[in-house]
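There are 2 protein chains.
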Amino acid sequence: MEYYFSDKMKALKPSAIREIFKSMGDPEMISFAAGNPSPLSFPVDDLARIGADIFKNSSTAALQYSVTEGYPPLRAAVEARMKEKFNIGREGDMTIITSGGQQGMELCCKSLCNEGDVVICEDPSFIGSLNSFRSCGAKPVGIPLGDDGIDPEELDRALSTTENVKLVYLIPTFQNPAGLTTSLEKRKAIYDVCVKHGVIIIEDNPYGELRFAGEDIPTIKSMDTEGIVVYCSSFSKILSAGMRVGFVCGPEAILQKMVVAKQGEDVHTNIFFQMLCHRFMTECDLDGHIAGIRKIYREKCGLMLSTLDRCMPKEIKYTRPEGGLFIWVTLPECINMQAFVKKALENKVAVVPGNAFLCDENGTVNAFRINYSTPSDEDIVRGCEILGRVAREML
Amino acid sequence: MEYYFSDKMKALKPSAIREIFKSMGDPEMISFAAGNPSPLSFPVDDLARIGADIFKNSSTAALQYSVTEGYPPLRAAVEARMKEKFNIGREGDMTIITSGGQQGMELCCKSLCNEGDVVICEDPSFIGSLNSFRSCGAKPVGIPLGDDGIDPEELDRALSTTENVKLVYLIPTFQNPAGLTTSLEKRKAIYDVCVKHGVIIIEDNPYGELRFAGEDIPTIKSMDTEGIVVYCSSFSKILSAGMRVGFVCGPEAILQKMVVAKQGEDVHTNIFFQMLCHRFMTECDLDGHIAGIRKIYREKCGLMLSTLDRCMPKEIKYTRPEGGLFIWVTLPECINMQAFVKKALENKVAVVPGNAFLCDENGTVNAFRINYSTPSDEDIVRGCEILGRVAREML
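So the sequences go chain by chain: E and R.
So in this note's numbering, spot 86 of the first sequence is number 299, and the numbers just go up one at a time.
So in this note's numbering, spot 191 of the second sequence is number 404, and the numbers just go up one at a time.
In case anyone wonders, no lab produced these hints; they're calculated from the structure.
Only true hints are included.
Intra- or inter-copy, both count: the list cannot distinguish identical chains.
Calculated lysine-lysine pairs in the DSS-like style (CA-CA distance at most 30 Å, straight line):
# : residue 1 : residue 2
1 : Lys-223   : Lys-352
2 : Lys-226   : Lys-352
3 : Lys-298   : Lys-401
4 : Lys-409   : Lys-223
5 : Lys-226   : Lys-561
6 : Lys-508   : Lys-269
7 : Lys-530   : Lys-561
Nothing here was measured: the structure is a model prediction, and the numbers come from that model.
Could you put the whole structure together from the sequences, leaning on the hints where they help?
In structure tokens:
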């Protein structure tokens, strides 16, 4: 039997990150390739205690079918927190629960994009979202990401000259993969450009609560007087990634359509863990818990940066994140990135080649992504030393 | 701001069933409209005990990101059980875990169908799947469901004359909404017709383990020597619907594509509950537990049928299921179904109007669906008595 696939899925390959994971069986391998939160960030004791209570006192509700929009008390708690922390949500907005932050992107694209429509993205951008757009038949088109975000004038030009742009996808805070944050000035300008063109922005903010240095910058959604921003985030980096609980806040008309799309995908998100999130938010010290996670990542990021500072030849440049999980390392022209990544792997350090994050799948970039949240402190030091040695050998 | 939606989502409305749920706030309402498993079918004590142990001894794995294909030990356990119970799975097949059975349908359609492609369905069929196909841009086209399944010759004609048919979607066992089961003879003939036309079958079997009368009939997937059947099922009706854990077994090439699509939707299914399912399957008496559920539904279905027999005028016809959750009630021509449903609702009994399950959204059918798994025994009797009274008044 020969199988024929849909145009949108035909060419889509599993993400490069996943493929690297498969070579991770080697126990000697140091992985800087993951994007996993530290297991230390899971509040296991509280989750276990509340979980036991849910089984004991609310088992029917926790195991039965539920509504697609999400567990109402959790929606309310999330709404209140978004408002308080990020000034998000106003008249005409609605909040729903999704199966991880990723589902928010996919549902939004499915609801708004026909096949062949364009999603403007930062270049590089999060491969999971790019593939999600591609799987909906939409085409990611990149605008280069500068140190403080994409250039609003370039966005204006792209929106003026590109046909069928339905979405602008941004990770303005601690971007994945670059670890960079878009400045307030650029956020305002980007928002204005999108209002001018009547284009919807997806603001993806999974790392927003993970700031360990510098000052918070207002979210784009907090400026959204016109109802053009769909804001996606999740509990993956602050409670548990494996439970797959995320949320979206955006204009009700769009969110209602996303609910219909979600109904056709998974009916609703695991309700037991929605109840668990709600109980944790209302009974435990979520802010204190997040402060603890920030401390872990401040130390891990600091350790990785100081080791890179010590071991890396000065020709190798890297971002200095104020939060999030990732550092983006740019090689000088004289070192070929693919050769570097291969040699690093041979020396038992896995990193993600930068081209995996490009909108143009055949594009090239002389950079790679490394992660400090997953590896142990010892592995961070050893891994960076190895990367430094590989760099010196290739210079 | 005016919002423009994708062609595929533009016309799609929330399912009629969901809309009926919204009017269910009334505590006096007797709902025969749901498709919920009985809460008595949830093995709460075992789930609570194993859940506590997972939090205690495997918390990192249970709360961290996991692989898209599903938790390997659960995949293996599901594979073994499908083989044993339904003779499903052979060389070239692969099993993955999905976020409920519904996601299997959606991922398969997304992987195989372009916008405008056709999915042949039983008419009536499960509205959740129909909407799932529609949300992928595919068009459900119905073949009338007879007492023992669709007519293979009619399927042959449809496949010969309809362009761009990519899938045939069937619920051969205890069909939703009709409660009917396709005969072995027709299963074989349908399979042969699909092989002849090289068209993929989705066999949806969420109720297969819920037989409480008669003899098991081999699944279509068990006949699949050619690798044309994608088999979807779930734990929703045997362990918990709210946890959203389903599974798919089918040709590896198709399933690999579905994995890529799943990665773009929710990355993976809630891993804690995947581990819970696996532990329940291997440590508890799943067969014994299912035997208990069958007993509950045998009694509830029997009670509903005997009450209908007692209260319904003989002009009203209804199916007599041997398993599953639903009875399909057909009215005589002299009673208008929509008027009947409205009057039943006024008398505090909710049923689902049959046209909700039609492939042609503007089609009409003089029938409605009722469910016996969700209401209490008392409500089953009272509700059927009310339906009988309404019917007599309208005759």
